[in-house]
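J.: Mind docking these for me? Both chains are given alone in their own frames, and the hints should help you get the complex.
Residue numbers (this note's numbering), protein chains in the order written: chain A, 1 to 115; chain B, 116 to 226.
No wet-lab data here; the hints were simulated from the structure. Using N, Cα and C, we set each Cβ at its ideal position, and we do this for glycine too. There could be a bad hint or two in this list.
What the hints assert, rightly or not - Calculated cross-link-like contacts (lysine to aspartate or glutamate; reagent style DMTMM-like; alpha-carbon spacing at most 25 Å): (1) A:Lys27 / A:Glu40; (2) B:Lys156 / A:Glu41; (3) A:Lys44 / B:Asp181; (4) B:Lys118 / A:Glu40.
Claimed, not checked - Not the full set, but computed from the structure, chain A residues with beta-carbon under 7 Å of chain B: (5) Pro39; (6) Gly42; (7) Tyr48; (8) Glu52.
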Amino acid sequence: NAGVMQNPRHLVRRRGQEARLRCSPMKGHSHVYWYRQLPEEGLKFMVYLQKENIIDESGMPKERFSAEFPKEGPSILRIQQVVRGDSAAYFCASSPRGPLPGEAFFGQGTRLTVV
Amino acid sequence: ELKVEQNPLFLSMQEGKNYTIYCNYSTTSDRLYWYRQDPGKSLESLFVLLSNGAVKQEGRLMASLDTKARLSTLHITAAVHDLSATYFCAVDMDTGNQFYFGTGTSLTVIP
Numbered sequence: 001n002a003g004v005m006q007n008p009r010h011l012v013r014r015r016g017q018e019a020r021l022r023c024s025p026m027k028g029h030s031h032v033y034w035y036r037q038l039p040e041e042g043l044k045f046m047v048y049l050q051k052e053n054i055i056d057e058s059g060m061p062k063e064r065f066s067a068e069f070p071k072e073g074p075s076i077l078r079i080q081q082v083v084r085g086d087s088a089a090y091f092c093a094s095s096p097r098g099p100l101p102g103e104a105f106f107g108q109g110t111r112l113t114v115v
Numbered sequence: 116e117l118k119v120e121q122n123p124l125f126l127s128m129q130e131g132k133n134y135t136i137y138c139n140y141s142t143t144s145d146r147l148y149w150y151r152q153d154p155g156k157s158l159e160s161l162f163v164l165l166s167n168g169a170v171k172q173e174g175r176l177m178a179s180l181d182t183k184a185r186l187s188t189l190h191i192t193a194a195v196h197d198l199s200a201t202y203f204c205a206v207d208m209d210t211g212n213q214f215y216f217g218t219g220t221s222l223t224v225i226p
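In isolation and in its complexed conformation, chain B is listed as follows (with noise of 0.2 Å):
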């Protein structure tokens, strides 16, 4: 079974600072999405990564593609408080009709 494995699982940051979160997954698979998910609310898309070195950016967020690698990130700068939410990878299969979640990454942004 595919695994997709994401870390860490919890994450509490300063306003203002750096970090990344990082996707791991264990078989090829060309696509990779990134979901926001507030409390309570459903799965919102930021970015759809479809090719090695994809790299998309919006705001605060750059999320980066390395298929050899098996490797995705998340890229936060300058964190603000409206960026408090779960971020969840997600890959899926050529050969397959579903997504493989990770588990998530529960990001708090404090002042």
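The shape of chain A in the complex, shown without the other chains (with noise of 0.2 Å):
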């Protein structure tokens, strides 16, 4: 059973690009988290999906961001017209049931710089 898998695991963009970051959750999970982890800070949360549906997108900034988890396919962060400040590692996060998290698997992260 293969962990929590997302691709790229680095990313560069010039600014004014498009980002798109997956993520594949775990077989059976069907509940999908993406964090945000600034340089020398923790993880903050941005958007908690179920299948063809989000559910939380409190951490989401209003413009630019967008998050989807379709019926096949892995979840799909997407960020239009990068800045600089967009860089940082985007984690996914997916569990068996929620929405507590409690038993939440991370992916390795992608990584995405923006020059």
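T.: In structure tokens form, the structure reads like this:
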């Protein structure tokens, strides 16, 4: 049973480009969480999704950021028109049930660098 | 907003020594989690503490939870180099969908 898979592991984008981050949850997990980690900081919650539904997006910036978790395929975190301040590590976690994340398992993260 | 504070933020300790990392949080929660993160890697779950007075031990690490004081401790016994990493505590709430993470404690164990 593979763990939470994120890709790419590293992503470099120029200012103004779009970044797409993918997360495949563990087998049997239908709850996905995205977190952002800025340098030297802890992780900050962004969004919680179940299949085809956004349950809680209270941590998402109001503009340029969106997330989805389609019926088939991975969850996608999309950042449009990236700026330098978007440079961070983005972690995805999945759990077999929600909403309490007590059993969440984290992926290895995507490190986004905006140049 | 729920705040989670860890101290110290940076810790350099000699092999063989003992030390404690503290995690304070600002609201009522009966659940606290400790994670380890190696550079460039993901978070590895160390402990899940689910009630007041809970104590768990794994190897040289022991975690405890005092929900009345809103305090958790991670005690390191006879540190070894392999324990060098960043340690995060996190809490969640009954009404929420997320972890609230502390800022992390970067531990370096030196020979």
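J.: Grab the minimum C-beta distance from A:Tyr48 to chain B and call the hint holds if it beats 7 Å, violated otherwise.
T.: With a closest approach of 4 Å, the A:Tyr48 hint holds.
J.: Below or equal to 25 Å on CA atoms is what counts here, so check B:Lys118 against A:Glu40.
T.: With Cα atoms ~17 Å apart, B:Lys118 and A:Glu40 stay inside 25 Å; holds.
J.: Taking 25 Å as the top limit, are the C-alpha atoms of A:Lys44 and B:Asp181 close enough?
T.: holds, 24 Å
J.: For the hint on A:Gly42, just tell me whether its beta-carbon gets within less than 7 Å of chain B.
T.: holds, 4 Å
J.: For the hint on A:Pro39, does the least C-beta distance to chain B fall short of 7 Å?
T.: violated, 11 Å
J.: Please work out if A:Lys27 and A:Glu40 have their alpha carbons no farther apart than 25 Å.
T.: This hinted pair is violated, its Cα atoms lying about 32 Å apart.
J.: Hint check: B:Lys156 vs A:Glu41, CA-CA at most 25 Å. Holds or violated?
T.: holds, 15 Å
J.: Given a cut of 7 Å on the nearest C-beta pair, is the interface hint for A:Glu52 held or broken against chain B?
T.: violated, 17 Å
In terms of the numbered hints stated before, the structure departs from hints 1, 5, 8, listed from lowest to highest.
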